[in-house]
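The primary structure of each chain is shown beneath.
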Amino acid sequence: DQQVKQNSPSLSVQEGRISILNCDYTNSMFDYFLWYKKYPAEGPTFLISISSIKDKNEDGRFTVFLNKSAKHLSLHIVPSQPGDSAVYFCAASVLGGGSNYKLTFGKGTLLTVNP
Amino acid sequence: DTAVSQTPKYLVTQMGNDKSIKCEQNLGHDTMYWYKQDSKKFLKIMFSYNNKELIINETVPNRFSPKSPDKAHLNLHINSLELGDSAVYFCASSQGRGYFYGYTFGSGTRLTVV
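If you read the sequences in order, they're chains A and B. If you're matching positions, the first sequence starts at 1 in this note's numbering and goes up one per residue. If you're matching positions, the second sequence starts at 1001 in this note's numbering and goes up one per residue.
Worth flagging that the hints you see were computed from the coordinates, not collected in a lab. One or more hints might be untrue.
Claimed, not checked - Taking lysine to aspartate or glutamate and the EDC-like style, the derived pairs with C-alpha atoms no more than 20 Å apart in a straight line are:
1. B:Lys1022 with A:Glu42
2. B:Lys1044 with A:Asp31
3. B:Lys1044 with A:Asp24
As the list claims (entries may be wrong) - Just a sample of chain A residues kept apart from chain B, beta carbon distances all over 10 Å, derived:
4. Ser8
5. Arg17
6. Asp24
7. Asp55
8. Glu58
9. Phe62
To be verified - Selected chain A positions facing chain B (Cβ under 7 Å, derived; list incomplete):
10. Leu34
11. Pro44
12. Phe46
13. Gly60
14. Phe105
15. Lys107
Being a predicted model, the structure only gives us computed values, none of them experimental. Beta carbons: idealized from backbone N, C-alpha and C, even for Gly.
Just chain A, with the same shape it has in the complex (with noise of 0.2 Å):
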């Protein structure tokens, strides 16, 4: 049962353009999200978060929308670089959960920003 869902495998841009990389969730219970970024033969990194009392988190080029009624969230690259080419992943936790500290990940976008 995939809680949290990146229905497109991948996505390919111009240099300098927006990217948007979008991500569902079916748990109602998930109230804070988290994007990482990975490049081949490394782990995944930390990009930005967002907890459901927000509807937008910003940090330098990188923007997360959260539409908590739609169970949706986007991540924004403005502009782009080839750089930004990696696979991306969405994640979902409950900040509230006890002791789990669990995170639900999605599948993965790879992002392609050509020159």
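Since chain A is already given, all that's left is putting chain B on it; use the hints.
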């Protein structure tokens, strides 16, 4: 200076063997994890330790046994390896739940069982 280091990076072994993967973090974090990325690319939690105490033990076969001798180390021992154990295993660490700074992952151990 690697923050979360896993050894070995690659491991090829025969079915039925017992193997261990080691993980060490030098970030001073109090929580460590093992995640498995299977052929379908999902990253799934296996175990989590907080201050050497096991706090997450997902539905994982008994053949998998984590060991945390101290806060900086979390090793994974696998008995009687099966073909289906082939995957990439990632170790990670965080301070508390890692919500504000995320987890720091190691670079992974690619296990191939033949």
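*Mind verifying the non-interface call on A:Arg17? Its CB should be farther than 10 Å from each CB in chain B.*
26 Å, holds
*Is B:Lys1044 within 20 Å of A:Asp31, Cα to Cα?*
Given pair B:Lys1044, A:Asp31 holds - Cα atoms ~19 Å apart, limit 20 Å.
*asked:* Hint validation: A:Pro44 versus chain B, beta carbon distance must be below 7 Å. Holds or violated?
replied: Since chain B brings a Cβ to about 5 Å from A:Pro44, closer than 7 Å, the hint holds.
*Would you settle whether the hint for A:Lys107 is holds or violated, based on the nearest Cβ-Cβ distance to chain B being less than 7 Å?*
5 Å, holds
*Is the Cβ of A:Asp24 more than 10 Å away from each Cβ in chain B?*
Nearest chain B Cβ is 15 Å from A:Asp24, so the label holds.
_Min Cβ distance, A:Gly60 to chain B: is it shorter than 7 Å?_
16 Å, violated
*Mind checking the CB of A:Leu34 against every CB in chain B and telling me if the closest is under 7 Å?*
Interface hint status for A:Leu34: holds (6 Å vs cutoff 7 Å).
*Go through the hint on A:Phe46 and say holds or violated, using the shortest Cβ distance to chain B against 7 Å.*
3 Å, holds
*chain B versus A:Glu58 - minimum CB to CB distance exceeding 10 Å, so not interface*: Answer for A:Glu58: holds, closest chain B Cβ roughly 15 Å.
*Is it the case that A:Ser8 keeps its Cβ farther than 10 Å from each residue Cβ in chain B?*
Non-interface label stands for A:Ser8: nearest chain B Cβ at 13 Å, farther than 10 Å.
*Beyond 10 Å from chain B, beta-carbon-wise, is A:Phe62?*
13 Å, holds
*Decide if the proposed pair is consistent with the structure: B:Lys1044 and A:Asp24, CA atoms, cutoff 20 Å inclusive.*
Answer holds: B:Lys1044 to A:Asp24 is near 17 Å, not above 20 Å.
Violated hint: 13 only; the structure is consistent with all others.
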